[in-house]
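K.L.:
Residues per chain, in single letters:
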Amino acid sequence: MALLSEVKKDYGKLKNYVNGEWVESTSGKYIDIENPTTGEIIGQVPMSSADETKAAIEAAHEAWWAWRETPPITRARVFFKLKEIMEQHFENIARIMVQEQGKTIDEARGEARRTIENVETAAGVPTLMMGYNLEDGGAEGIDEDAVISPLGVFGAVCPFNFPAMIPYWFWPYAVATGNTYIIKPSSQVPLTQNYLTKLVEQAGFPPGVLNIVNGSHEVSDTMMEHPKVRGISFVGSTPVAKYIYKHSAENGKRVQAQGGAKNSLIVMPDAVLDRAISNMLASTYGCAGQRCLAGSNLIAIGDIAEPFIKSFVERSKKIKVGYGLDESVNMGPVVSAKAKSKIIEYIDGAEREGAKVLLDGRKIKVPGYEKGHFVGPTVLDNVTPDMKIAKEEVFGPVVSVMKMNSMDEALDFIHASPFGNAATIYTQSGKSAREFRYRCQCGNVGINVGLVAAMAYFPFAGYKDSFFGDLHGQGQDAIKFFTDRKVVITRWF
Amino acid sequence: MVECDFPECNTFGSTIRFALELEKGAAGVYEELANEPHAASAAEMFKALAASHKKRGELLEFTRQQKLNEMILEPIQDIRREDYIIDTKTPKGVDVKGAAKFAAEIEAKSAKFYLDAAKIAKNLMAEAARIMDKLGKESLANKAKLEAL
Chain A
1075 MALLSEVKKD YGKLKNYVNG EWVESTSGKY IDIENPTTGE IIGQVPMSSA
1125 DETKAAIEAA HEAWWAWRET PPITRARVFF KLKEIMEQHF ENIARIMVQE
1175 QGKTIDEARG EARRTIENVE TAAGVPTLMM GYNLEDGGAE GIDEDAVISP
1225 LGVFGAVCPF NFPAMIPYWF WPYAVATGNT YIIKPSSQVP LTQNYLTKLV
1275 EQAGFPPGVL NIVNGSHEVS DTMMEHPKVR GISFVGSTPV AKYIYKHSAE
1325 NGKRVQAQGG AKNSLIVMPD AVLDRAISNM LASTYGCAGQ RCLAGSNLIA
1375 IGDIAEPFIK SFVERSKKIK VGYGLDESVN MGPVVSAKAK SKIIEYIDGA
1425 EREGAKVLLD GRKIKVPGYE KGHFVGPTVL DNVTPDMKIA KEEVFGPVVS
1475 VMKMNSMDEA LDFIHASPFG NAATIYTQSG KSAREFRYRC QCGNVGINVG
1525 LVAAMAYFPF AGYKDSFFGD LHGQGQDAIK FFTDRKVVIT RWF
Chain B
20 MVECDFPECN TFGSTIRFAL ELEKGAAGVY EELANEPHAA SAAEMFKALA
70 ASHKKRGELL EFTRQQKLNE MILEPIQDIR REDYIIDTKT PKGVDVKGAA
120 KFAAEIEAKS AKFYLDAAKI AKNLMAEAAR IMDKLGKESL ANKAKLEAL
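So the sequences go chain by chain: A and B.
Residue numbering for the first sequence is 1075 to 1567, as defined by our numbering.
Residue numbering for the second sequence is 20 to 168, as defined by our numbering.
Hints were generated in silico from the structure; no laboratory data involved.
It is possible that some hints are incorrect.
Ranges of calculated distance between the beta carbons of each label pair, as one might list FRET restraints [claimed, not checked]:
| hint | chain 1 | residue 1 | chain 2 | residue 2 | range |
| --- | --- | --- | --- | --- | --- |
| 1 | B | Lys74 | A | Ala1140 | 43 to 49 Å |
| 2 | B | Asp24 | A | Gly1086 | 56 to 62 Å |
| 3 | B | Lys74 | A | Thr1564 | 58 to 64 Å |
| 4 | A | Glu1194 | B | Lys66 | 37 to 43 Å |
| 5 | A | Lys1272 | B | Lys74 | 54 to 60 Å |
| 6 | A | Glu1161 | B | Lys156 | 48 to 54 Å |
| 7 | B | Arg99 | A | Gly1086 | 52 to 58 Å |
| 8 | B | Arg99 | A | Gln1502 | 39 to 45 Å |
| 9 | B | Asp97 | A | Glu1427 | 35 to 41 Å |
| 10 | B | Asp24 | A | Gly1326 | 44 to 50 Å |
| 11 | A | Thr1458 | B | Lys74 | 55 to 61 Å |
| 12 | B | Lys111 | A | Lys1392 | 38 to 44 Å |
List time: in silico DSS-like cross-link candidates among lysine-lysine, alpha-carbon distance up to 25 Å [what the hints assert, rightly or not]:
| hint | chain 1 | residue 1 | chain 2 | residue 2 |
| --- | --- | --- | --- | --- |
| 13 | A | Lys1416 | A | Lys1462 |
| 14 | B | Lys138 | A | Lys1392 |
| 15 | A | Lys1394 | B | Lys86 |
| 16 | B | Lys156 | A | Lys1157 |
| 17 | B | Lys120 | B | Lys86 |
| 18 | B | Lys138 | A | Lys1155 |
| 19 | B | Lys138 | A | Lys1394 |
Computed from a prediction, not measured in an experiment: that's the story for all the values here.
The beta-carbon is built from N, C-alpha and C at its ideal position, and this holds for glycine as well.
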């Protein structure tokens, strides 16, 4: 079918958004933004300097007190306005994501919806940030209150896989509660955030309340080290999450740092196979496997293994790969040539270690998109727990099938992993499901849901090396992360 | 004749696109039938049906934007597009009976598409399934009205 139109062919040189103005970077350094499907260069993003970052921090700090004094209901109204503007631009937001990230239009629309849902949730701030009190809580005639207060300037360092949504796990909650904010978008996919910030500008946030500084580690390090930044939010790989957590904490910051994952999907003998497989296809190949909730290890328990593998492979073969602006495409490319090489290395390595390649996506050709970074759906059988492919995050459309004898064995395997992001069980047994959710040491647990993606009003959780910090993004956790409790004890003479 | 581009229905988006093409095609056919001199006695009804199909298109656009849920965005592998493609080459010079018969076939195919999609969508598209079901039943009612002419 015909492709949906691209919003623009070339987005030119991006600017930073500081203190309510779009400013050209003074660094003079730019890198190209590539469309991973076509290989075309669709813009350039600046690598801003430490000084430019400091200027944004100062602007955010300057804007803070007036914004903090703005009543919560007034702050909420700006978010209502933003939601309306985002709805009007919904399709453009989605199509830009397809262009720069490679995901399909359905996935991009799904992400745009979730982005808006975070704005909607944050707009509930007058209720969400209410404090509490106790008459005579101190003593007779002495009342005690806990007031929820904002803290100042916060910042986020964002990944490439969800260009719209992930910054919105954080900044709407920070700003709604009266803080000001700086986003460093991924330099691989800065266009969506650039577009969204133009909508933020239209919504009427005062200058300095939200700022965008494009760049690389120089921007991140400056935010982590600057005394006027109170906290950092991060999503990305585990090694970088560890670094961000440690470095920010050393500098006295609050931190929430989401790391990598290796998620298992367990198929019990009583699973409804047809429905389970349909759901697993979305979990494993959605966003070409480039998400921290992607199903990666498929664990078949007992006799179900054989029919499960046969059917999963057959249905994986039907996944249509191509440009995400074709609405009938199920899976797009991975984000870059480097990502593709890394994924292929993992498949090659698994084969050398003894895995059997049942479906091979390494040499896929997508007519018309010869420069695209495509990896087709790949299914590896005979994978054992000691293999590298079973333990490390691949971040691509590659699944490893393992056969085990019981849920206990599967849970032991899951718990041996340093990661603890997500796990799912497919079963019709309430007892098995209850036991799984109770015992499973992962932050996001699915019962017949392979993509355990918390809605905006729940935290996006994660255990072990999948999350560093204590308060997560989204919902009440985010409100707590961006505020503190001030205790006031009152006596009147 | 209204040009329609019916996609494969592999995804939520392409299934909604298919439905949008059905609505565009049906609305176009009714507009042309409303101008048929030998079917003038049914012109008002055809105009109303054309307007109704345009409105259904708007509902589908709304559904695409508001009712998709990333968590259950599963591939669709059970809808054969060939079974539901409608004929939008409006016959010329037809009388009321001929026009109604032609339109009733469109409504029958639309109804089948929506009701089949609703069954499949029940697993995959959550709230969208209810809308598909409603549109399917509406098409069946339209078919009955046309057959009564």
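K.L.:
Check each numbered hint from earlier against the structure, then list the numbers of those it violates in ascending order.
P.N.:
2, 5, 6, 7, 8, 10, 16, 17 and 18
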